[in-house]
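Asker: Sequence:
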Amino acid sequence: MTDFIRIKPQETLQERQRELPKPPPPNRPPPPPEMEVASTDRPQMESSPMDMPKLDIPVNIGGGNALGAYSTGGGGGGMGGNNGAIPLATFEPMMPRKAALAGLASGKVLVEFTVTERGTVSNVRIVKEDPRSYDLGKEARKTIAKWTFKPAMVDGKPQATRMQQEIEFAVN
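When we follow this note's numbering, the leftmost residue of the sequence shown carries the number 3, and every step to the right adds one.
Hints are computed from structural coordinates only; laboratory data are not their basis.
Since we're looking at a predicted model, the values are computed, not measured.
Misleading hints may appear alongside valid ones.
Straight line, CA to CA, 20 Å or less: simulated SDA-like cross-link-like pairs of lysine to any residue [to be verified]:
id, residue 1, residue 2
1, K110, K130
2, K144, K159
3, K159, L103
4, K144, M96
5, K100, T122
6, K130, A91
7, K100, K152
8, K110, R120
9, K148, R120
10, K130, S108
11, K130, E170
12, K144, E131
13, K152, L106
14, K144, T92
15, K140, P95
16, K148, L106
17, K148, A162
18, K140, L103
19, K152, A91
20, K144, P133
21, K152, S108
22, K152, M96
23, K148, L103
24, K110, A162
25, K110, V156
26, K144, T116
27, K159, R99
28, K110, K152
29, K130, T116
30, K144, F93
31, K100, D132
32, K140, I88
33, K152, K130
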């Protein structure tokens, strides 16, 4: 018996050359639409008169404890320099009842006091009172005792400072 086997001729296989597809670009959100910005007029602030007490506080930039006039010496620039006491909270004096009943329209009191290292007021002394005998000095002493200060700085450390302040009384 005979077997016939058919032999296939060898075929040459061709490989396909494939390229990978390019990755899609990242999804970027579309740019926001341009909006027209309406120009707004800034409101005009009208200044209203304020009743503030007259502050005759020396600015003592030159250092040391001083009473009186403003010193124009070189500044320390705030960093470890010497700065005088700066008022943080002040209060208006009240006209004493005795003065109001007497019809007193105005008065002045010159007060000398110490600003402590903590910024409080101590050792209040009446230097000059005009007019006298209306309890203006007593009221000025109570008013100045309520004030608070940023204490004077000498070489970056708080320092007690002696100061003077004229308190003005007026009937509103």
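Asker: So, for every hint listed, does it hold in this structure?
Answerer: Hints, one by one, checked against the model:
Between K110 and K130 the CA atoms are separated by roughly 8 Å; this keeps the pair inside 20 Å, and the hint holds. Proposed proximity of K144 and K159 is contradicted: the alpha carbons are some 28 Å apart, above 20 Å. Between K159 and L103 the alpha-carbon distance is near 47 Å, which puts this suggested pair outside the 20 Å criterion. The hinted pair formed by K144 and M96 meets the criterion: a straight-line CA distance of about 10 Å does not exceed 20 Å.
For the hint pairing K100 with T122, the CA-to-CA distance comes to about 28 Å; that exceeds 20 Å, so the pair is violated. About 23 Å separates the Cα atoms of K130 and A91, which puts this hinted pair outside 20 Å; it is violated. Between K100 and K152, the direct Cα distance comes to roughly 34 Å. Violation of the 20 Å bound is thereby established for this hinted pair. For the proposed pair K110 and R120, the alpha carbon gap of about 28 Å is over 20 Å, so the pair is violated.
The hinted pair formed by K148 and R120 meets the criterion: a straight-line CA distance of about 13 Å does not exceed 20 Å. Restraint check: the Cα-Cα separation between K130 and S108 comes to about 15 Å, which is no more than 20 Å; the hinted pair holds. Straight-line distance between C-alpha atoms of K130 and E170 comes to about 12 Å, which keeps the hinted pair within the 20 Å bound. The hinted pair formed by K144 and E131 meets the criterion: a straight-line CA distance of about 14 Å does not exceed 20 Å.
The suggested pairing of K152 with L106 is violated, with an alpha-carbon distance near 34 Å, which exceeds 20 Å. For the hint linking K144 to T92, the alpha-carbon distance of about 12 Å falls within 20 Å, and the restraint holds. In summary, the hint linking K140 to P95 is supported, as the alpha carbons are separated by about 11 Å, within the 20 Å threshold. With a CA separation close to 24 Å, the supplied pair K148 and L106 exceeds the 20 Å bound.
With a C-alpha separation of about 17 Å, the suggested pair K148 and A162 falls inside the 20 Å cut-off, and the hint holds. Our distance criterion of 20 Å between C-alpha atoms is met by K140 and L103, whose separation comes to about 16 Å. Proposed proximity of K152 and A91 is supported: the alpha carbons are some 10 Å apart, at most 20 Å. Proposed proximity of K144 and P133 is supported: the alpha carbons are some 18 Å apart, at most 20 Å.
Of the supplied pair hints, the one linking K152 and S108 is violated, its CA atoms being roughly 30 Å apart against a limit of 20 Å. Between K152 and M96, the direct Cα distance comes to roughly 24 Å. Violation of the 20 Å bound is thereby established for this hinted pair. Among the hinted pairs, K148 with L103 is inconsistent with the structure: their alpha-carbon atoms are about 25 Å apart, more than 20 Å. Among the hinted pairs, K110 with A162 is inconsistent with the structure: their alpha-carbon atoms are about 26 Å apart, more than 20 Å.
Distance hint between K110 and V156 is unfulfilled; the C-alpha atoms sit about 32 Å from each other, more than 20 Å. Using a Cα cut-off of 20 Å, the hinted pair K144 and T116 holds, with the two alpha carbons roughly 14 Å apart. Taken as a hint, the K159 and R99 pair is broken in the structure, with Cα atoms around 42 Å apart against an allowance of 20 Å. Our distance criterion of 20 Å between C-alpha atoms is broken by K110 and K152, whose separation comes to about 25 Å.
The suggested pairing of K130 with T116 holds, with an alpha-carbon distance near 17 Å, which does not exceed 20 Å. The suggested pairing of K144 with F93 holds, with an alpha-carbon distance near 10 Å, which does not exceed 20 Å. Between the alpha carbons of K100 and D132 the distance comes to roughly 14 Å, so the proposed pair stays at or under 20 Å and holds. Of the pairs offered as hints, the one joining K140 and I88 is violated, with about 24 Å between alpha carbons and a cut-off of 20 Å exceeded.
Taking the CA atoms of K152 and K130, the gap is near 26 Å; set against the 20 Å cutoff, the hint is violated.
Of the hints listed earlier, those the structure fails to meet are numbers 2, 3, 5, 6, 7, 8, 13, 16, 21, 22, 23, 24, 25, 27, 28, 32, 33, in rising order.
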